[in-house]
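Dock chain B against the given chain A, drawing on the hints supplied.
Chains as they are written, first to last, in this note's numbering: chain A, 839 to 957; chain B, 4 to 157.
Don't read these hints as lab results, they were simulated from the structure. Heads up, a few of these hints could be off.
As the list claims (entries may be wrong) - Now the stretches of chain A that chain B is said to cover, found in silico as 3 or more residues with beta-carbon under 8 Å: (1) 839-853; (2) 865-871; (3) 910-924; (4) 932-946.
Using N, Cα and C, we set each Cβ at its ideal position, and we do this for glycine too.
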Amino acid sequence: MQYLYAFLIGGALCAIAQIWIDKTAVTPARILVSYVCLGVVLSGVGAYKPLAEFAGAGATVPLTGFGYALAKGVAKGIQEFGFLGIFTGGLQGTAGGITAAMLFSLLAALIFKAKPENL
Amino acid sequence: MTNQSYEKYSKKKAKKSPLLKNICFAFLVGGLICTLGQAILNCYLALGIDKERAASLLSITLIFLACLFTGFGLFDRLAKHAGAGTLVPITGFANAMCSPSIDNKAEGYVLGVGAKMFVIAGPVIVYGTLTSILLGIVIYVLSLFGIDIIHLIV
Chain A
839 MQYLYAFLIG GALCAIAQIW IDKTAVTPAR ILVSYVCLGV VLSGVGAYKP LAEFAGAGAT
899 VPLTGFGYAL AKGVAKGIQE FGFLGIFTGG LQGTAGGITA AMLFSLLAAL IFKAKPENL
Chain B
4 MTNQSYEKYS KKKAKKSPLL KNICFAFLVG GLICTLGQAI LNCYLALGID KERAASLLSI
64 TLIFLACLFT GFGLFDRLAK HAGAGTLVPI TGFANAMCSP SIDNKAEGYV LGVGAKMFVI
124 AGPVIVYGTL TSILLGIVIY VLSLFGIDII HLIV
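Just chain A, same shape as in the assembly:
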């Protein structure tokens, strides 16, 4: 059942973005930014925690889940460090993903050659 919920919620979040792209010709970069910010807002109003408990990876893998990680980080940061947590929490919550993306991107650039059609 867990897999089905992950599939449905994750798929739905992608389908919404696809409708948005096709209807308004919005750039992918704006979709990514909007989804992350939306994730933070939804977390703030208490909507994302139950969604993540319900759909598991279906809620945490899409970029709204990245926003959820930012929100969780900032909430924990404030719990631990008070005011300072506003500054340190967000990136702390997402440090693993951002660092991994930097490392693997650099390694990929070292190993792989650019495809001619991408240039």
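Chain B only, in chain A's frame:
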């Protein structure tokens, strides 16, 4: 039905079908990536890793896979059909960092790889973090009045 109204009708239908196809592909591929994510997450949990760490490891694993697929040129091929299905999951974020890094290798490792890596990821991190600051201010101010919303988020 007159010729004109038929033309209008067929145009409407013709435009609709790619939209429906795109949505279905996005739903299917996006859903499958999340299902794969759930499977990886369950593997980590089965190894006795706690929830928090397993979630971080899941992100790192999917980012690794996305960069690997990008390097082999498979990601672009899938993305062509999947659209938002590969863009919206964390794989899209990884691809947005990895792809320009590889493509701009010729410009060097500082202004090519290092800088171009953040062409799309930069705004995502900047605006995401700024939104989290706003949320942080709300949480902090409410806590001053004795209202705790942290348990709603974490």
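Do the hints match the structure? See the list:
1. 839-853: Holds, because 12 residues of the segment 839-853 of chain A bring their Cβ atoms closer than 8 Å to Cβ atoms of chain B.
2. 865-871: Answer holds; 5 residues pass the 8 Å Cβ test.
3. 910-924: holds (count 12)
4. 932-946: holds (count 12)
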